[in-house]
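Read in order, the letters of the sequence shown correspond to residues 1 to 553 in the UniProt record's numbering.
Hints are computed from structural coordinates only; laboratory data are not their basis. Certain hints may be false.
As the list claims (entries may be wrong) - FRET-style restraints, in silico, Cβ to Cβ:
id : residue 1 : residue 2 : range
1  : ARG282    : ALA136    : 47 to 53 Å
2  : SER179    : ASN127    : 27 to 33 Å
3  : HIS370    : GLN209    : 35 to 41 Å
4  : ASN127    : TYR251    : 25 to 31 Å
As the list claims (entries may be wrong) - Here are the simulated lysine-lysine pairs, DSS-like style, with alpha carbons at most 27 Å apart:
id : residue 1 : residue 2
5  : LYS51     : LYS34
6  : LYS352    : LYS268
7  : LYS412    : LYS216
8  : LYS412    : LYS322
9  : LYS175    : LYS89
10 : LYS322    : LYS352
11 : LYS89     : LYS34
12 : LYS289    : LYS417
13 : LYS125    : LYS170
14 : LYS70     : LYS425
15 : LYS89     : LYS70
16 : LYS89     : LYS45
17 : LYS425    : LYS216
18 : LYS268    : LYS412
19 : LYS289    : LYS34
20 : LYS28     : LYS175
21 : LYS45     : LYS28
22 : LYS344    : LYS412
23 : LYS216    : LYS417
24 : LYS125    : LYS70
25 : LYS289    : LYS216
26 : LYS412    : LYS425
27 : LYS175    : LYS125
Quick reminder that beta carbons are idealized off the backbone N, C-alpha and C, glycines included.
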Amino acid sequence: MDNEYSAFLRNHTWDLVPRSAQSNVGYKWVFRVKRRPDGSTDRYKDCLVAKGYSQEADRDYFETFSLVMKPVTVRIILTLALHHVWPIKQLDANNMFLNGKLHEETPRAWNLELSGFILHYGFFKSNADAYIFIYASNGIYMYFLVYVDDIILTGYNTVALDQFVPLLAKHFSLKDMGSLSRFLGIEVVPTSTGLFLFQAQYISHILSQFYMDGAKSVSTPMSTSNKIPPADPSSAVGVFIYRRLLGLLQYLNLTHPYISFAFNSLSKYMHGPLGSHWIAARRVLRYLKGTLCHGLFLHSRTPLRLTAFADADWGGSLADGKSTIAYVLYLGSNIVSWKYAPQKTVSRSSTKVEYRALAHATTEILWVQHPLQEIGVSLASSPVLFYDNLSATSLHVHHVPSTVQLVDALTKPLGRKLFLYLRSKIGVSDGSSILRGVLEISTNVLLGDMGTGKTSLVLRFVKGQFSDYQESTIGAAFFTQVLSLNEATIKFDIWDTAGQERYHSLAPMYYRGAAAAVVVYDITSSVASCRTPLILSFEHVYSVMIKHRSLSN
1 MDNEYSAFLR
11 NHTWDLVPRS
21 AQSNVGYKWV
31 FRVKRRPDGS
41 TDRYKDCLVA
51 KGYSQEADRD
61 YFETFSLVMK
71 PVTVRIILTL
81 ALHHVWPIKQ
91 LDANNMFLNG
101 KLHEETPRAW
111 NLELSGFILH
121 YGFFKSNADA
131 YIFIYASNGI
141 YMYFLVYVDD
151 IILTGYNTVA
161 LDQFVPLLAK
171 HFSLKDMGSL
181 SRFLGIEVVP
191 TSTGLFLFQA
201 QYISHILSQF
211 YMDGAKSVST
221 PMSTSNKIPP
231 ADPSSAVGVF
241 IYRRLLGLLQ
251 YLNLTHPYIS
261 FAFNSLSKYM
271 HGPLGSHWIA
281 ARRVLRYLKG
291 TLCHGLFLHS
301 RTPLRLTAFA
311 DADWGGSLAD
321 GKSTIAYVLY
331 LGSNIVSWKY
341 APQKTVSRSS
351 TKVEYRALAH
361 ATTEILWVQH
371 PLQEIGVSLA
381 SSPVLFYDNL
391 SATSLHVHHV
401 PSTVQLVDAL
411 TKPLGRKLFL
421 YLRSKIGVSD
431 GSSILRGVLE
441 ISTNVLLGDM
451 GTGKTSLVLR
461 FVKGQFSDYQ
471 ESTIGAAFFT
481 QVLSLNEATI
491 KFDIWDTAGQ
501 ERYHSLAPMY
511 YRGAAAAVVV
521 YDITSSVASC
531 RTPLILSFEH
541 VYSVMIKHRS
551 LSN
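Take the sequences, apply the hints, and build the full model.
This is how it looks when you write it as structure tokens:
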């Protein structure tokens, strides 16, 4: 709190002035935890904020809108940086809202102050995205991307980048975070062949909030047996918790395009969710549980050409017969843009709705070409658009069979085999091999024995005093252990549970002594969160047991 207050004084944030006609605004302290890229605690932050909700529109303020860059632009710039092997730097602004000259709301003031300095330095603002700044002078090119206080800086001239950062830090309080590792809550892991973007920590946070961190995973986010049919109104669930879940899921669309259809289908019932909708929403969480380590892989040295896939589901909505359209757009082999959109009118034929899908995809292709032209990128060939409707051949675009139409899963539920195939083709990768040793893998270990009074636990479970983490889990955790195994950090909870008599043979080293053996068995047989099998011998298991024997007093 002292640091925050000192920042106010240092930036000359306030002065004592006569009372004006505007409303006096109160204040309050807001506290949060700042996380490192690995999820550990960096520091505890506090902000002294004004109670802006007490102001009146058109009396105390007039403009609140503050531009931010589009996620598609970030993926385009990252693809270009990888293609040209440019360094990608990350900057973080300290106390950014205190840096603006306050004429309107503080986010707007900060953006105006920052953009003013950047433009004065010689950058120009992109017409396609207002918060991409481009520097092109004397053969030097730099690209400056801003999202509130998160900044990405890249360009081919390392010397120019190193000279610009100190000048920026001299005018604003900045932190040079080094190479890009975490941006807008998206974790970034560099490899020799590109960048892996994923949101494992965010998914784990959601699963924990809704007591689904131990749920049994499923292969698809939505069942093909139904499209969320209406249910008995008596089975209504809480509107607040339903909306909260969907709000959290929306942000995952940044790295999980294939939850778009499920998310938009569930969003139709925000005002009156029923039991069937809540079950469908929990299925999305179960799908995410099994794809914790999945994300987007951006390849380096990929040829710069635009390719798009468009598709539509004619009359797919059970409620009103309206259709849905979707497309995905690639720059080289990297997915940079995708969209799912329900139609506002009823289409009379599948050809008509396909035309609309192609129109949406074409519009996106044209828009993406604008920032590429501003940056000075020449595409290797003309954009190519694929679709799977033979009736629209007069469009002279390329036909592809429905079985290889990458956008199919964005318009309707698919079976497991086809869904997994298309998911891998669209650009969503399993990052287990990349993330080993980076992520902390969590798994629950189930322990139990005969004749130890576990029947009462069953009754307590029925009464709802324990969460149904998995189908066979009935019990309570009583301590946690951490084990390093094959360069991965395994964090496991030791459980005392009912009905686990198969571990009776471990009696000599029961409970704590057997914990290491059971966690290795659990990882080997059922595979841990990141779905990476670890093939271990019995001798290895036994050696781990001996290593942890000191726990069995």
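Now the hints, each set against the structure:
In this structure the supplied range 47 to 53 Å holds for ARG282 paired with ALA136, their Cβ-Cβ distance being about 50 Å. As the Cβ distance of SER179 to ASN127 is approximately 29 Å, the hint placing it in 27 to 33 Å holds. Our hint of 35 to 41 Å for HIS370 and GLN209 holds, since their Cβ atoms are close to 39 Å apart. Restraint check, ASN127 to TYR251: a C-beta distance of roughly 27 Å satisfies the suggested window 25 to 31 Å.
With a C-alpha separation of about 22 Å, the suggested pairing of LYS51 with LYS34 holds against the 27 Å cut-off. Of the pairs offered as hints, the one joining LYS352 and LYS268 holds, with about 24 Å between alpha carbons and a cut-off of 27 Å not exceeded. Restraint check: the Cα-Cα separation between LYS412 and LYS216 comes to about 23 Å, which is no more than 27 Å; the hinted pair holds. With a C-alpha separation of about 13 Å, the suggested pair LYS412 and LYS322 falls inside the 27 Å cut-off, and the hint holds.
Restraint check: the Cα-Cα separation between LYS175 and LYS89 comes to about 11 Å, which is no more than 27 Å; the hinted pair holds. In summary, the hint linking LYS322 to LYS352 is supported, as the alpha carbons are separated by about 12 Å, within the 27 Å threshold. Among the hinted pairs, LYS89 with LYS34 is consistent with the structure: their alpha-carbon atoms are about 20 Å apart, no more than 27 Å. Using a Cα cut-off of 27 Å, the hinted pair LYS289 and LYS417 holds, with the two alpha carbons roughly 18 Å apart.
With a C-alpha separation of about 22 Å, the suggested pair LYS125 and LYS170 falls inside the 27 Å cut-off, and the hint holds. For the proposed pair LYS70 and LYS425, the alpha carbon gap of about 24 Å is at most 27 Å, so the pair holds. In summary, the hint linking LYS89 to LYS70 is supported, as the alpha carbons are separated by about 18 Å, within the 27 Å threshold. With a C-alpha separation of about 23 Å, the suggested pair LYS89 and LYS45 falls inside the 27 Å cut-off, and the hint holds.
At most 27 Å may separate the alpha-carbon atoms for a hinted pair to count; LYS425 and LYS216 meet this at roughly 25 Å. Between the alpha carbons of LYS268 and LYS412 the distance comes to roughly 15 Å, so the proposed pair stays at or under 27 Å and holds. Of the supplied pair hints, the one linking LYS289 and LYS34 holds, its CA atoms being roughly 24 Å apart against a limit of 27 Å. As the CA atoms of LYS28 and LYS175 are separated by approximately 26 Å, the hinted pair is consistent with the 27 Å bound.
Proximity of LYS45 to LYS28 is assessed by CA-CA distance (about 14 Å); at most 27 Å being required, the pair is judged to hold. Distance restraint check for LYS344 and LYS412: the Cα-Cα separation of roughly 17 Å lies within the 27 Å cut-off, and the hinted pair is therefore satisfied. A hinted pair counts as satisfied when its Cα atoms are at most 27 Å apart, and LYS216 with LYS417 qualifies at roughly 19 Å. Of the pairs offered as hints, the one joining LYS125 and LYS70 holds, with about 14 Å between alpha carbons and a cut-off of 27 Å not exceeded.
With a C-alpha separation of about 8 Å, the suggested pair LYS289 and LYS216 falls inside the 27 Å cut-off, and the hint holds. Under the criterion of a C-alpha separation no larger than 27 Å, the hint pairing LYS412 with LYS425 is consistent with the structure, at around 17 Å. Pair hint LYS175 plus LYS125 holds up; C-alpha atoms about 23 Å apart against a cutoff of 27 Å.
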